[in-house]
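There are 2 protein chains.
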Amino acid sequence: MHTAGELQSKIEKGLEQLSTEKSPVELYEPIRYMLSLGGKRMRPLLVLMGCDMFKGNVEKAVPAALGIELFHNFTLLHDDIMDKAPLRRSKQTVHEKWNVNTAILSGDAMFVKSFQLMMMTDDSIVKEVVDIFSRTAIEVCEGQQLDMNFENHNDICIADYINMISCKTAVLLGTSLQIGALIGGASSAHARHLYNFGKNIGIAFQLQDDLLDVYGDKTKFGKQVGGDILSDKKTFLFLKALEVLDESSNKALEELYTKSKVNAQEKLESVISLFNKAHVKELAKDEMQHFHNNALQHFSEIHLPAENKKPLLDFCENLLVREI
Amino acid sequence: MHTAGELQSKIEKGLEQLSTEKSPVELYEPIRYMLSLGGKRMRPLLVLMGCDMFKGNVEKAVPAALGIELFHNFTLLHDDIMDKAPLRRSKQTVHEKWNVNTAILSGDAMFVKSFQLMMMTDDSIVKEVVDIFSRTAIEVCEGQQLDMNFENHNDICIADYINMISCKTAVLLGTSLQIGALIGGASSAHARHLYNFGKNIGIAFQLQDDLLDVYGDKTKFGKQVGGDILSDKKTFLFLKALEVLDESSNKALEELYTKSKVNAQEKLESVISLFNKAHVKELAKDEMQHFHNNALQHFSEIHLPAENKKPLLDFCENLLVREI
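Taken in order, these protein sequences are the chains called L and D.
Residues 0 to 323, numbered by numbering that gives the first Met the number 0, are exactly what the first sequence covers, in order.
Residues 0 to 323, numbered by numbering that gives the first Met the number 0, are exactly what the second sequence covers, in order.
Hints listed in this document are in silico derivations from the structure and should not be mistaken for laboratory results.
Just to be clear, a hint being listed does not mean it is correct.
Because identical chains cannot be distinguished in the list, a pair is counted as satisfied if it fits within a single copy or across any two copies.
Pairs of lysine-lysine residues, derived as DSS-like cross-links and limited to a Cα-Cα distance of at most 25 Å, are as follows [to be verified]:
id, residue 1, residue 2
1, LYS59, LYS126
2, LYS126, LYS21
3, LYS90, LYS39
4, LYS276, LYS232
5, LYS233, LYS276
6, LYS96, LYS83
7, LYS90, LYS12
8, LYS233, LYS250
9, LYS59, LYS9
All chains should be modelled from the sequences, with the hints used to inform the complete structure.
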């Protein structure tokens, strides 16, 4: 078994060795730039950890790990255009630094490259791996579309929201583990349980993000409290409050989100007061626990020695231990 | 062997059966719309003809044929955004009918779908087929980038131009044939000759397009004469004229393209007069003939009975027989 640090250095080395020094530079320079912005490299790490857990040869999983990271960066690149985001990891986004056309086309090229990397998987499982990857890639597109739809729809329920965050972010975490496990020699059934483990952890992690935005300790997490509220984002907290509150509070909350002319501080205070009235903090923690339990249930179905499973379990539990 | 009509109906049937009736509709409706705009379906037809030529089971080549058509439509969809094109086949483009975000994301989803279709190829050759497809997909991205670069560069030579049209359009024609041949049971060497046949025919076809724009019989081809000139497009004719003409004529031609304030009719007449002075019509026909000969040379390396080769040869020769 490898330490997370060892696996991470394989990923960084692999990313450096990707041949992106090609012509035309206008196409490849933005790809290099995007990959140089860093990030936690969580998805490729999950691929390698999934492989390592089954005592597979992690070197064989490196191309797929890089493929997942390129795919993830491709989605960020195109999402940034759609969201008109000026910054990504405190640096200019590609469409800001170059232009929209460059960002579209470099993203497309990254996407092809991600498939090429997935195709380097051993012949015996390449179809299974690429089928899983493609299905997830489609779901991520669907998730982004659902997220954009939410801005204009007012009849979103909690189930819609869970489905959206599942497609947009959680399935790729599950898929990273599943593909790593398959390359590591896991049975399809075990790999599937690992997929469901990762997907449920991913949903819990996203719910935690929603919670931290409002109830996080800003000195600990370095984010401004209430960013989601100020940008009228329909998070779990907002949707749950609408589900729980009476009609007049509902109306007040919706007005604060859509028609409010009050200043930021007043808006934050009023919304959080309604959130508290609806006990959304506790309800969100319950919902997180529900998905966390689902994840652990699937994890327990994987019959391996505890020491094989420990590194991945510790890593994922660490994602969720922040006190709220 | 099948007639072109029989193969075409398999393609239309296959396109109808693609499951695009899915949710969210905002993602899938533009895909259905794009595919409903029609077009000649030349690329999927080449896949099936490549397979049929080797007496392969064309049913087995249908998914790859559809994959190539989806990929082609994905590139059109994203190119239309980049070119700010209002119309595609006389109908509104996707980014005009919906918006840019929808066009980006629906294009991405089409792209994934095209890989899924390619992955339905038989296990024994799926890696070879998808590797060829991916390499070509990257080249098409590179071709689009080169095309965009050309607008802002003034030092384009004929070799750059041939490379650009080769990447942007010709390689996909070659790849369609190559993939069809492999699925039909051709050796890698024969399939490679068919790729080079298609690529060279594609370059000749693109040069013919440049010629027709200026020297085509507009009553025959229904296009306005000189559209490329009026939009300052750096075609083979323009670049060849610059290569051939003396300095003062060169300067005049460049001024007509970049700084001209003359009206459209005067601009056309002046440019065509310079083109004629440079004999670009004859030079372009020579260049077409060169690539046509290259194509036939590769075709002759494929050792099959003449009757197997005839339908494809007739089809491709028909693309090039327009009198100019």
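Hint check:
1. LYS59 to LYS126: both (16 Å within a copy, 17 Å between copies)
2. LYS126 to LYS21: between (29 Å within a copy, 24 Å between copies)
3. LYS90 to LYS39: Intra 16 Å, inter 44 Å, cutoff 25 Å: intra-copy only.
4. LYS276 to LYS232: within (19 Å within a copy, 64 Å between copies)
5. LYS233 to LYS276: Result: close within a single copy only, 18 Å intra versus 66 Å inter.
6. LYS96 to LYS83: Both, since 12 Å and 20 Å are each at most 25 Å.
7. LYS90 to LYS12: Within one copy only: 23 Å inside, 48 Å across.
8. LYS233 to LYS250: Within. Shortest intra-copy distance 15 Å satisfies the 25 Å Cα cut-off; inter-copy 60 Å does not.
9. LYS59 to LYS9: This pair counts as within: shortest intra-copy Cα distance 11 Å, inter-copy 40 Å.
Checked against the numbered hints above, the structure violates none of them.
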